[in-house]
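Engineer: Sequence:
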Amino acid sequence: MNSTGFSQQKNQSIGGASNNFQNTQFRTSQMQLNQDQTLNNAQQAQLGQNPASLKGKLQNIEEMAKLVSDELSMHKKELAVLKSEKDSLENVLGLKSGDINKTLFNELNRLEEEMKRHYNFQHAENNRIQQMLNTLKQEKLALQQTLIGLQRRIGELEQQIGNADI
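Here the sequence shown is numbered in the numbering used here, starting from 15 and rising by one per residue.
Possibly wrong hints are sitting among the right ones.
As the list claims (entries may be wrong) - 27 Å max Cα-Cα, derived DSSO-like pairs, lysine-lysine:
(1) K97 / K80
(2) K110 / K97
(3) K116 / K130
(4) K90 / K80
Said to hold, decoys possible - DEER-style ranges, computed between Cβ atoms:
(5) Q136 / I168: 45 to 53 Å
(6) H137 / L96: 57 to 65 Å
(7) Q144 / Q165: 25 to 33 Å
(8) I168 / N134: 47 to 55 Å
(9) L96 / L72: 31 to 39 Å
(10) S111 / D84: 34 to 42 Å
(11) Q145 / V106: 54 to 62 Å
(12) G112 / D84: 38 to 46 Å
If you are wondering where the hints come from, they were derived from the structure by calculation, not from laboratory data.
For each residue, glycine too, the CB sits at the ideal point set by N, CA and C.
From just these sequences and the hints, can you work out the full model?
Structural biologist: Here it is in structure tokens:
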């Protein structure tokens with residue numbers, strides 16, 4: 015996978031987390047509105063009755079209990095949603111982590127194979143150059159021996175010519 019694909023996945027992951035956060039904020043604001051409406055309804059009910067009477071106090075307590083119960087159930091639902099989001103994010107991150115590990119492992123294997131191939135090529139090239147160097151040394155030695163032989167022959171010929179002139 016190229017670096018662009020990885021950055022696209024990363025951006026999608028970040029975008030997904032941002033959307034989840036925005037969804038959570040929206041749900042929280044909706045819950046706050048529901049709480050405010052319930053509280054307003056309870057206050058209006060109190061205005062219509064005498065809060066000092068036992069029946070009024072009992073009704074206030076029942077309204078508060080209902081409000082707390084509604085709020086508790088709302089928070090339980092929100093908790094369930096958050097747990098679900100957490101689980102899904104963990105699954106996504108686990109899958110992406112597995113994909114990244116697999117990609118890196120494949121890349122590492124590819125690089126190891128490439129290094130072996132380059133090493134073997136370099137080793138073969140070094141052997142070829144060493145053989146050429148040995149061949150050149152042998153040719154040089156042969157040429158030096160031939161040169162020495164020719165110099166000896168020239169010396170002998172010069173002596174023969176010099177002896178023939180005398």
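Engineer: Are the hints correct? Go through all of them and say.
Structural biologist: Do the hints match the structure? See the list:
Proposed proximity of K97 and K80 is supported: the alpha carbons are some 25 Å apart, at most 27 Å. Note on K110 and K97: the hinted pairing holds, with a Cα-Cα distance of about 20 Å set against a maximum of 27 Å. Between K116 and K130, the direct Cα distance comes to roughly 21 Å. Compliance with the 27 Å bound is thereby established for this hinted pair. With a C-alpha separation of about 15 Å, the suggested pair K90 and K80 falls inside the 27 Å cut-off, and the hint holds.
In this structure the hint that Q136 and I168 lie 45 to 53 Å apart at CB holds, the actual value being about 47 Å. For the pair H137 and L96, the beta carbons lie near 60 Å from each other, so the given range of 57 to 65 Å is met. For Q144 and Q165, the Cβ-Cβ distance of about 31 Å falls inside the hinted range of 25 to 33 Å, so the restraint holds. In this structure, I168 and N134 meet the distance hint of 47 to 55 Å, their C-beta atoms being roughly 50 Å apart.
Between L96 and L72 the CB atoms are about 36 Å apart, so this pair conforms to the stated range of 31 to 39 Å. Between S111 and D84, the C-beta spacing of about 40 Å keeps the proposed range 34 to 42 Å intact. Judged by the Cβ atoms, the range 54 to 62 Å given for Q145 and V106 holds: they are separated by roughly 58 Å. At about 42 Å, the beta-carbon gap between G112 and D84 stays in the expected band of 38 to 46 Å.
In the structure shown, no violation is registered for any of the earlier numbered hints.
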